[in-house]
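Protein chains in written order, with this note's numbering: chain A, 1 to 378; chain B, 379 to 756.
Simulated from the structure, these hints should not be mistaken for laboratory data.
Here the structure is a predicted model, which is why all the values come from computation and not from measurement.
Just the calculated beta-carbon pair ranges, DEER-fashion:
(1) L260(A) - R689(B): 46 to 52 Å
(2) E702(B) - T202(A): 34 to 40 Å
(3) S304(A) - P401(B): 33 to 39 Å
(4) Y639(B) - E51(A): 46 to 52 Å
(5) K225(A) - E702(B): 55 to 61 Å
(6) L198(A) - T711(B): 34 to 40 Å
(7) P401(B) - H298(A): 37 to 43 Å
(8) E702(B) - G78(A): 21 to 27 Å
(9) P401(B) - G69(A): 51 to 57 Å
(10) E51(A) - K453(B): 26 to 32 Å
Below, in silico cross-link-like pairs of lysine-lysine (DSBU-like), each with a Cα-Cα straight-line distance of 35 Å or less:
(11) K453(B) - K325(A)
(12) K690(B) - K75(A)
(13) K535(B) - K314(A)
Idealized CB from N, CA, C, for every residue including glycine.
Protein chains: 2
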Amino acid sequence: MIDFKVIHKSKKSNARIGILRTPHGEIETPSFVGVATQAVVKTLTAKEVEETKSQILISNTFHLHLKPGEDFLKKAGGIHKFMNWNKPLMTDSGGFQVFSLGFGRDHGVGKILKEKSDLKVTTKNKPKNVKITEDGVFFRSPKDGQKLFIGPKESIKIQEAIGADIMFAFDECTSPVADYYYTKRSLEKTHRWAQICLDSKTTDQALYGIVQGGKFENLRTESAKYIGSLPFDGFGIGGEFGDEKRTMSDMLALTLPHLLYEKPVHLLGIGHLEDIPEIMKSGVDTFDCIVPTHYARHGVAFTSEGRMDMRKSKYLSDPLPLDEKCPCLTCITYKRNYITHLFKADEITALRLLTFHNLYYFNSYVESLREEIKKNAL
Amino acid sequence: MIDFKVIHKSKKSNARIGILRTPHGEIETPSFVGVATQAVVKTLTAKEVEETKSQILISNTFHLHLKPGEDFLKKAGGIHKFMNWNKPLMTDSGGFQVFSLGFGRDHGVGKILKEKSDLKVTTKNKPKNVKITEDGVFFRSPKDGQKLFIGPKESIKIQEAIGADIMFAFDECTSPVADYYYTKRSLEKTHRWAQICLDSKTTDQALYGIVQGGKFENLRTESAKYIGSLPFDGFGIGGEFGDEKRTMSDMLALTLPHLLYEKPVHLLGIGHLEDIPEIMKSGVDTFDCIVPTHYARHGVAFTSEGRMDMRKSKYLSDPLPLDEKCPCLTCITYKRNYITHLFKADEITALRLLTFHNLYYFNSYVESLREEIKKNAL
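Let the sequences and hints guide you as you build the complete structure.
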């Protein structure tokens, strides 16, 4: 059960300040949602995640279903107790991971297209590693090759056992290379599944519906209208918008008006630093992204001086704090020379120090933008 | 500059309680010395290492020479400042690593012989990957294949630039499969190098000489007498004693009497949990070992219930703390089910949680044995 209230609307954009109340406390929105795929923010402890000003996390239904399995989580008293995180938590539906097993393997593409691709996914050129039926998706476990099935009912059942505050409806997240007709047919299925998810729910956990439609404007509008008409507790906006940044703003602009103003909106899996102001200006309330944590493990720090690749040798003789303007534990404790040494020496501690800083930096940035909204400056 | 005082001698054994004062504070001995090979206790931050009751650490001259290089450490203000560790610190001489590049590669053996070996190292069957001369050792950098040289003078120069409180003399740590004549000739060289190290020293850092002699009793005695006669600030006991636990106690019993009672004695690289009482009873003051940290990264927890392999599936449904009797941060925060999940999911956080606990457990165990010595019960 959640409760959402908009407490301020910017005079300059659609940005809004809200309070989202959940059984594990309330958060101020717009908020960045840290990614705890396997019930842990990689490299950190739950206490440290709190110290990075993280208000809410999102875990991954697909991964938790495979390891350790939702039964273990249920027996452990639910995911909050299991991972020692006593603040709000979401689980995605698992749809993205199941489908990317297919498209990702066939075409070597993930959610973020690094380069333009000539690949096309059509109704005839379907993914080979997954079999999509009217009821859901058959796939092979990447853990042990076992044949598995997840559909809307199964996803809700798994998410209920996991026990997050907010669940997402099971959807087909189409590949960035899917064509119009594939995307249209997929969307119809996602819409049918949305109703099944609502009907399957047995707990008072919140359930968000997901707007899909790929990069096609009329499908996005259609999806927003339909999903927005269903009695969800909030709405997710999923999938791929296309390559250009402008497209994201345009897509959000034509989606948000069809969703109830009083309900919270979550943007799934997008949140590069440069995207964040646009995301917030569109009226989105929460958004998750692996960028701060993923990049940290690859040596990239986000700082007030811009991106820094801490694997570069030049920092070995740099005695400055990672970010002189940042008051986080990493920045007040360690210097660039040491962090770079740890990366070059393949020391795990390096990954922790950057993960901590990057999360703190993202959360602080979002916090500063919230202040801008309050002043009607964003 | 260090200062050492024995403040209590057990009535039951040669165990003793001492205070070792260094420029970075004092420690109570006997003390376990945590291993910070590359200027970091793997997976932890310096603050956490303090929280595990660690009093003193040992870093690795060979590794720090390769990465980042002692010049960087010197420019960074020395190793303490570099790694943010403000307590006592030792550096080993680099000898063990240089020589194990040769013997280790040739024979696939490390310091600890897991199984009995028929291999023999003789004066004719020398290691191939290193070239040992009267002046030191030529070897190829495992980092980039570059030809490098370390001898006693170079080792002291590197250790002075690193800037630990306590340095060790450069020695040849003979392989466990070295024969008598090889070991005898090696020992003569180690003894000549000991004097060169003393003569080369230019700072007021403390310098420990190292007693070698392999598994041969008369060589151990000879080495203890000779090294014990030199004006070192303390003594290290190095090398391999042979396979059996009894051998270690016997070797220590015939070595320690030849070293000045007033000077601190360090046992290099030995400290399995079951060895610790014997080590302390022999009169050793400090000893370092990778066991708690290395085993942690391989899933093994040392607990009041014995060793636990946390990679085992049975713990996925075990809701107990890692060690019910342990008050460390890991044990008061996380349960076995979660730790095992993290190991099975290849999550780095798992390595941290066990490393923290194991170090805390070893240090607490040594602390409890110190209390036994004070009561003349050990």
